[in-house]
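Line order of the protein sequences matches chains P and B.
So the first sequence is numbered by my numbering: it starts at 1 and just counts up by one.
So the second sequence is numbered by my numbering: it starts at 1 and just counts up by one.
Everything labelled a hint here was simulated from the structure, so no lab data went into it.
Any given hint could be a false lead.
Intra- or inter-copy, both count: the list cannot distinguish identical chains.
As the list claims (entries may be wrong) - Simulated pairs of lysine-lysine, DSBU-like, Cα-Cα distance not exceeding 35 Å:
id : residue 1 : residue 2
1  : Lys42     : Lys324
2  : Lys87     : Lys42
3  : Lys326    : Lys87
4  : Lys254    : Lys87
5  : Lys42     : Lys323
6  : Lys87     : Lys178
7  : Lys326    : Lys178
8  : Lys254    : Lys42
9  : Lys178    : Lys324
10 : Lys323    : Lys178
11 : Lys302    : Lys87
These figures come from a predicted structure and were not determined experimentally.
Residue-level listing of the chains:
2 protein chains.
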Amino acid sequence: MGKRSKKTDEVDSKPAKRKSRKGRAKADDDGLLVGLDIGGTKLYAVVADSSGAVRGSARKKTRPQLGFEGVMGRALEVVAEACEDAKVPLEALRGVGVGAPSPMLPDGTAVNAPNLGWRNAPVGALLEGQLSRPVITANDCDAGTFGELVYGAGAGADTLVGLFMGTGLGGGIVIDGKPVCGENNMAAEIGHMVVVADGRRCGCGHRGCLEAYASKTGMGSYLRCQVACEGRETVLTELCDGDFGSLRSGALAKAYAEQDELAVEALHESARFLGIGVANLVTLLGPSVVVLGGGVMEALGKQLLPHVERAARASAFPPGTLKKTKICLAALGDDSVALGAVAWARQRLL
Amino acid sequence: MGKRSKKTDEVDSKPAKRKSRKGRAKADDDGLLVGLDIGGTKLYAVVADSSGAVRGSARKKTRPQLGFEGVMGRALEVVAEACEDAKVPLEALRGVGVGAPSPMLPDGTAVNAPNLGWRNAPVGALLEGQLSRPVITANDCDAGTFGELVYGAGAGADTLVGLFMGTGLGGGIVIDGKPVCGENNMAAEIGHMVVVADGRRCGCGHRGCLEAYASKTGMGSYLRCQVACEGRETVLTELCDGDFGSLRSGALAKAYAEQDELAVEALHESARFLGIGVANLVTLLGPSVVVLGGGVMEALGKQLLPHVERAARASAFPPGTLKKTKICLAALGDDSVALGAVAWARQRLL
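Build out the structure end to end from the sequences listed, making use of the hints.
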């Protein structure tokens with residue numbers, strides 16, 4: 001007992017009585033971390049323990065127009081407020097995990113974040129300088145996928161793929177418990193896998209990317225064409241003020257609930273392509289779990305999941321291989337990137 | 001020195017004067033292995049040391065009509081002959097690596113080898129029983145890819161993808177030095193990734209698989225359609241006796257050398273699709289090396305490589321990402337599966 005301090009003994013004998021995310025009480029023996037989700041519209045931070053239980057959180061609008069330093073100033077405030085909410089001093093934290101909408105270099109540089117207007121922005125260095133804590137950064141979809149593996153729908157899996165369908169289609173890949181970032185730190189760009197050679201033009205400039213079909217942008221293309229070229233009607237025209245480029249998941253859910261023919265068609269088309277994307281990832285990587293998240297799946301996951309599964313089954317190779325893969329909805333919702341960043345930082349720091 | 005035998009000292013003081021595959025002489029301090037390539041047409045075995053230097057080899061026709069036990073009897077003969085050629089007794093070998101044209105379970109069962117007519121064939125158990133050496137099995141394309149990483153064109157890389165274009169399109173994926181087999185042991189079926197949703201029918205029954213375009217089978221479909229439906233002519237009609245389903249790489253090379261218009265078109269189409277497949281793998285996995293092999297690339301690699309690269313560049317995401325990926329031709333040729341099986345067994349046994 002010589003080397004154990006009184007304090008440690010006390011901690012051992014009085015385990016904290018909080019509940020983890022999964023309802024299991026677990027001693028927090030390896031320290032707390034902050035997870036920071038830098039999004040195009042919101043900044044969100046959580047303080048979490050090793051079981052993924054959120055001790056405190058805070059959020060703010062991003063306001064990208066403030067530029068890199070302005071946004072990062074707000075991010076520092078959000079981190080401080082999350083610590084306050086958790087009643088933990090910043091100094092007690094073991095480190096900070098960050099998810100940002102950009103390919104991230106190992107040194108914490110955000111290479112290109114179009115939603116924020118950043119290029120080669122030193123996210124990690126700035127935070128580390130201001131917070132004096134170790135900072136680990138990740139692409140937001142990579143972090144979200146890893147969060148689902150560690151704390152969410154894929155808990156217990158070793159090899160997992162995540163696809164997040166919203167305005168675009170993001171994704172992440174984890175193999176044998178390790179996120180795949182590629183030698184270029186830009187891998188897992190699942191939305192830009194070509195599934196229709198010479199097909200529909202994608203926002204990235206290429207043709208036939210999965211994102212051009214399986215996303216709100218893809219549905220917008222489909223609807224625009226059906227309304228403008230085929231003269232068809234849909235309640236979505238009114239719900240999005242005639243701008244199919246700005247479809248909201250809530251509007252899609254409303255139109256789906258009303259069984260608006262064209263809206264249902266567009267959603268099922270996106271779900272079918274999402275299934276083709278899932279099939280390709282199963283054919284290539286044989287994951288045990290595929291997690292589907294993002295705004296559209298959060299709003300309509302239950303309704304769309306059977307369509308995704310059917311399409312995946314029709315294309316995954318060898319036939320029958322999907323029996324060994326669980327396709328399910330993401331479980332962490334809004335916390336996914338922040339908790340994923342916590343898990344990511346934990347894997348590297350602790 | 002007490003525990004070192006005289007024999008060991010002799011070996012230490014008189015290093016063998018053979019050259020390794022790469023021209024480097026290297027002491028074989030961790031033992032020899034046999035690599036066995038079980039193909040649809042030939043059985044081929046090599047005895048190799050840790051540097052990949054081939055000490056001896058042997059080959060025989062497979063004769064699949066003899067059935068599983070008949071073929072395996074011939075495989076045992078080939079292994080014995082390779083040992084004889086290397087002047088090494090079987091007992092001196094550290095183990096046997098096997099590549100077979102089937103998904104392989106970890107226990108050495110070949111799940112389904114259509115070219116051999118095998119289902120759930122106990123390849124590993126039979127060899128281990130007969131040879132009394134440890135046996136490690138792998139899918140042939142996975143082994144071939146791993147061989148290129150360890151001894152071939154990808155030597156030094158950590159993350160590498162291999163695509164082998166012949167009658168079909170096989171492939172393998174290695175991430176961080178470890179082959180990706182998937183939780184179903186059936187991953188890396190690169191030829192069955194969908195690249196044209198609702199496209200051309202593939203031999204597997206699905207639609208739009210890469211193999212339906214980027215393979216001799218794909219070229220056959222293209223040629224058949226152009227000749228039968230469009231009334232076009234090609235020297236290949238005579239070279240393959242009117243059966244575009246049995247195109248040989250040599251015939252394609254001959255027609256290409258003659259600049260036969262339709263043959264050139266078919267080959268460039270396949271190369272373009274191969275490039276789209278490469279792009280998808282780069283977008284998803286960010287490998288440092290992509291190796292292209294197989295009969296067609298062995299015959300026409302130099303001519304087709306620029307077409308593959310151009311198509312890959314046009315579709316890989318983010319744009320410019322290919323700058324960090326080397327696309328090159330396979331280096332091991334006929335030895336690729338057997339040497340890959342050696343490397344695979346070495347990773348697991350030694």
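Evaluate Lys87 and Lys178 at a C-alpha cut-off of 35 Å and name the case that applies: within, between, both or neither.
within (32 Å within a copy, 44 Å between copies)
Which holds for Lys87 with Lys42 at a C-alpha limit of 35 Å: within a copy, between copies, both or neither?
The answer is within: 23 Å in one copy meets 35 Å, while 70 Å across copies does not.
Give the relationship of Lys42 and Lys323 under a CA distance limit of 35 Å: within one copy only, between copies only, both, or neither.
The answer is between: 34 Å across copies meets 35 Å, while 38 Å in one copy does not.
Within, between, both or neither: Lys326, Lys87 at alpha-carbon 35 Å
neither (39 Å within a copy, 51 Å between copies)
With identical chains, the pair Lys323 and Lys178 could be close in the same copy or across copies; at 35 Å between alpha carbons, which is it: within, between, both, or neither?
both (23 Å within a copy, 25 Å between copies)
At most 35 Å between CA atoms: does that hold for Lys178 and Lys324 within a copy, between copies, both, or neither?
both (20 Å within a copy, 21 Å between copies)
Can you tell me if Lys254 and Lys87 fall within 35 Å by alpha carbon in one copy, between copies, both or neither?
Classified as neither; 40 Å inside a copy, 76 Å across copies.
For the identical chains here, do Lys254 and Lys42 meet the 35 Å Cα criterion within one copy, between copies, both, or neither?
within (24 Å within a copy, 61 Å between copies)
Given identical chains, is Lys326 near Lys178, meaning Cα to Cα at most 35 Å, within a copy, between copies, both, or neither?
both (19 Å within a copy, 24 Å between copies)
How would you label the pair Lys302, Lys87 (within, between, both, or neither) given a Cα cut-off of 35 Å?
neither (37 Å within a copy, 65 Å between copies)
Status of Lys324 relative to Lys42 across identical chains (alpha carbons, at most 35 Å)
Between copies, since 33 Å is at most 35 Å while 37 Å is not.
Hints 3, 4, 11, counting from the list given before, are not met by this structure.
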